Amino acid sequence: AQRVTQPEKLLSVFKGAPVELKCNYSYSGSPELFWYVQYSRQRLQLLLRHISRESIKGFTADLNKGETSFHLKKPFAQEEDSAMYYCALRTPGGSEKLVFGKGTKLTVNP
Amino acid sequence: GAGVSQSPSNKVTEKGKDVELRCDPISGHTALYWYRQSLGQGLEFLIYFQGNSAPDKSGLPSDRFSAERTGGSVSTLTIQRTQQEDSAVYLCASSLATGLGSPLHFGNGTRLTVT
Numbered sequence: 123a124q125r126v127t128q129p130e131k132l133l134s135v136f137k138g139a140p141v142e143l144k145c146n147y148s149y150s151g152s153p154e155l156f157w158y159v160q161y162s163r164q165r166l167q168l169l170l171r172h173i174s175r176e177s178i179k180g181f182t183a184d185l186n187k188g189e190t191s192f193h194l195k196k197p198f199a200q201e202e203d204s205a206m207y208y209c210a211l212r213t214p215g216g217s218e219k220l221v222f223g224k225g226t227k228l229t230v231n232p
Numbered sequence: 019g020a021g022v023s024q025s026p027s028n029k030v031t032e033k034g035k036d037v038e039l040r041c042d043p044i045s046g047h048t049a050l051y052w053y054r055q056s057l058g059q060g061l062e063f064l065i066y067f068q069g070n071s072a073p074d075k076s077g078l079p080s081d082r083f084s085a086e087r088t089g090g091s092v093s094t095l096t097i098q099r100t101q102q103e104d105s106a107v108y109l110c111a112s113s114l115a116t117g118l119g120s121p122l123h124f125g126n127g128t129r130l131t132v133t
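Residue numbers (this note's numbering), protein chains in the order written: chain A, 123 to 232; chain B, 19 to 133.
Rather than coming from a laboratory, the hints here were simulated on the basis of the structure. None of the values given here were measured: they were computed from a predicted structure. Among these hints, one or two may not hold up.
Unchecked claim - Selected chain B positions facing chain A (in silico; Cβ < 10 Å):
| no. | residue |
| --- | --- |
| 1 | F63 |
| 2 | A111 |
| 3 | L114 |
| 4 | H123 |
| 5 | N126 |
All C-beta atoms, glycine included, are put in the ideal place defined by N, C-alpha and C.
Put together the whole structure using the sequences plus the hints.
Dropping the structure here:
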């Protein structure tokens with residue numbers, strides 16, 4: 123079965139510091155990978171997806187098939203980045219469901 | 019236009035009672051998903067609809083849980099004989115299509131508390 127692992131429940135950094143939220147997955151093929159974010163008192167929303175190879179709010183994520191990872195990175199964290207971050211996987215050709223990790227709560231301190 | 023709408027936003031019920039949770043997806047979105055969000059457990063997939071049919075209902079925890087979708091639009095998640103372990107936030111999401119790159123748009127959720 124597909125599985126997404128986010129090893130850090132909590133991550134705390136200072137403003138201006140680099141941040142990396144880890145995501146590893148278990149799937150032997152070529153998955154679709156996403157990062158979703160939930161800010162305080164807001165709904166869960168898409169941050170970025172690997173297929174678009176985009177940078178959103180300064181965040182990037184690179185799919186590493188060799189390491190089965192899709193870590194989320196930002197060179198200079200901002201206080202407004204504080205939120206809950208979820209990595210998610212969908213397997214092409216199978217069920218259309220997204221499998222989510224358990225999430226990492228990021229706190230950016232002033 | 020409006021996003022995914024869920025009602026009620028909060029529901030407190032007594033153990034053993036039945037509850038119905040409603041989801042109005044974004045107009046035109048053919049795919050609809052139900053997830054459950056519990057503290058420390060992340061998002062747990064429950065069921066997914068394509069149109070009115072449910073190709074994957076593998077995440078429903080027990081036969082007390084059921085869901086339907088009518089007219090390719092509104093969906094209802096029903097929990098019968100609620101138990102305390104059913105307490106969680108139930109999230110609905112919709113997407114324009116399935117397949118490559120289609121993101122999910124989430125509602126605000128229904129917070130269910132079983133006393």
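Taking the hints in turn, this is what the structure says about them:
Taking 10 Å as the C-beta cut-off, the interface hint given for F63 (chain B) holds, the closest approach to chain A being about 5 Å. The criterion of a C-beta within 10 Å of any C-beta in chain A is met by A111 (chain B), whose closest approach is roughly 8 Å, and the hint holds. Among the interface hints, the one on L114 (chain B) is violated; its C-beta lies about 12 Å from the nearest C-beta in chain A, farther than the 10 Å criterion. For H123 (chain B), the interface hint holds, the least distance from its beta-carbon to any beta-carbon of chain A being 8 Å, beneath 10 Å.
Residue-level restraint check for N126 (chain B) holds (minimum Cβ-Cβ distance to chain A is 5 Å; threshold 10 Å).
Going through the hint list in order, the structure does not satisfy hint 3, though it satisfies all others.
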